[in-house]
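The hints should help you fit chain B onto chain A, whose structure is shown.
Number of protein chains: 2
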Amino acid sequence: MASNTPSAAPAADVLSDVLHRRGLMFILSSPSGAGKTTIARRLLAEDGHIAMSVSATTRPMRPGEVDGRDYHFTTRENFAAMVDAGEFLEWAHVFGHSYGTPKAQVKTGLREGQDYLFDIDWQGSQQLHQKLERDVVRVFILPPSIDELRRRLTGRGTDSAEVIAQRMERARAEISHWDGYDYVVVNYDIDICFGKVSEILAAERMRRTRQTGLIDFVRDLMGSDG
Amino acid sequence: MASNTPSAAPAADVLSDVLHRRGLMFILSSPSGAGKTTIARRLLAEDGHIAMSVSATTRPMRPGEVDGRDYHFTTRENFAAMVDAGEFLEWAHVFGHSYGTPKAQVKTGLREGQDYLFDIDWQGSQQLHQKLERDVVRVFILPPSIDELRRRLTGRGTDSAEVIAQRMERARAEISHWDGYDYVVVNYDIDICFGKVSEILAAERMRRTRQTGLIDFVRDLMGSDG
Chain A
167 MASNTPSAAP
177 AADVLSDVLH
187 RRGLMFILSS
197 PSGAGKTTIA
207 RRLLAEDGHI
217 AMSVSATTRP
227 MRPGEVDGRD
237 YHFTTRENFA
247 AMVDAGEFLE
257 WAHVFGHSYG
267 TPKAQVKTGL
277 REGQDYLFDI
287 DWQGSQQLHQ
297 KLERDVVRVF
307 ILPPSIDELR
317 RRLTGRGTDS
327 AEVIAQRMER
337 ARAEISHWDG
347 YDYVVVNYDI
357 DICFGKVSEI
367 LAAERMRRTR
377 QTGLIDFVRD
387 LMGSDG
Chain B
167 MASNTPSAAP
177 AADVLSDVLH
187 RRGLMFILSS
197 PSGAGKTTIA
207 RRLLAEDGHI
217 AMSVSATTRP
227 MRPGEVDGRD
237 YHFTTRENFA
247 AMVDAGEFLE
257 WAHVFGHSYG
267 TPKAQVKTGL
277 REGQDYLFDI
287 DWQGSQQLHQ
297 KLERDVVRVF
307 ILPPSIDELR
317 RRLTGRGTDS
327 AEVIAQRMER
337 ARAEISHWDG
347 YDYVVVNYDI
357 DICFGKVSEI
367 LAAERMRRTR
377 QTGLIDFVRD
387 LMGSDG
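For the record, the sequence lines run as chains A and B.
The numbering of the first sequence is the numbering used here, which starts it at 167 and goes up by one.
The numbering of the second sequence is the numbering used here, which starts it at 167 and goes up by one.
With the rest of the complex left out, here is chain A (with noise of 0.2 Å):
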């Protein structure tokens, strides 16, 4: 169901799952050049808990492509009545092609403590929230500056001025929608910034109301005159 297996979780973190939990949908937004991509690749690296949904699409499989681990591979026919059943947390047409976030899989893991990361823009989170509000995360990196956004789309400085001002354009279009968020991260350093959203994926978890294993944890706690 999950793209990458949960592994081995330290020691620390160990303790802190005795206890069921309710999964998580952690959306990570931000303009293109923020940093996100990298922060994303992190957690999905360096947390056991975390894995990206494997989303449907009506593009082709590429070479090294396996269906169900990087996508859904379906037909234009089969995504539209997916769509027409509702059965799509969230949907869009990128390009030419249709992606989505098939509900039953995320509600599965949701339900067995599977945390799930969205790497998906402001109008993509939006849909998930209005979904399954109680269970989304949003979070919107923004970069220092907007000098500093320039350098990091300008890139190896083979592109033409047009091209890197529609990225800006496309950036401030993104950065408009920050309001629509939970948390704001200013990436001023990749490390700290990856840091930052750590802290805010570990305190998630440590909610009250997802962490549905507390109710028998302090019936026995009361319970018992050991």
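Check before you lean on any hint, since a few could be wrong.
Copies of the same chain look alike in the list, so a pair counts if it works inside one copy or between any two.
[Unchecked claim] For lysine to any residue, the following SDA-like pairs were computed, each having C-alpha atoms within a straight-line distance of at most 25 Å:
id, residue 1, residue 2
1, Lys202, Gly389
2, Lys202, Asp382
3, Lys269, Gly321
4, Lys202, Gly379
To be clear, the hints were calculated from the coordinates, so they are not data collected in a lab.
What you are looking at is a predicted structure, and each value in this text was computed from that prediction instead of being measured.
Quick look at chain B alone, frame taken from chain A:
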């Protein structure tokens, strides 16, 4: 205003606090013996941005105490007048004396970005939450088991069985209010528990709604075309 002066913050912390933010009220509650006092002391010692608010009290000053640092010492008449005027965020009678948190002090501090730590029970927590809901973060610390709690409450073994039974009864009564908190941490290990409480505090500081400086930051980011 605060009983401990904010000290120099580490570099990582400085970077995160470039933007102005509104302070928060961090409530730690737990049954006696669950580790709350140790964690509160460590937070105050290691975190330069959080302080205890100075309570007003009708109890007499003790040797070594300083008015305005340890408490605002006041008369029963004056305390009662402050209660009538609604000048307390929360107040309570404990062992024949009154204690209360003056509203004006905390409100000014929060505006200036000062965080306050409250080591109070569920009733005080409820009072604070009713008055300044958006500024309050409530954390409940649970003992790992009733046996461990009894061990901690038994202390040096000099207390009578009756006294210990009373303590256990009070602890059970406090635990029964665990579901009035935003976060719950089980104290299996004091260092891990302290780390978790620190993560909650760090994450809550990154809430968009507390980072009042973001509005200007984003305006500059969007407006500048450097």
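Against the structure, the hints come out as follows:
no. : hint            : verdict
1   : Lys202 x Gly389 : between (47 Å within a copy, 22 Å between copies)
2   : Lys202 x Asp382 : between (38 Å within a copy, 22 Å between copies)
3   : Lys269 x Gly321 : neither (37 Å within a copy, 52 Å between copies)
4   : Lys202 x Gly379 : between (32 Å within a copy, 22 Å between copies)
Of the numbered hints stated above, the single one contradicted by the structure is hint 3.
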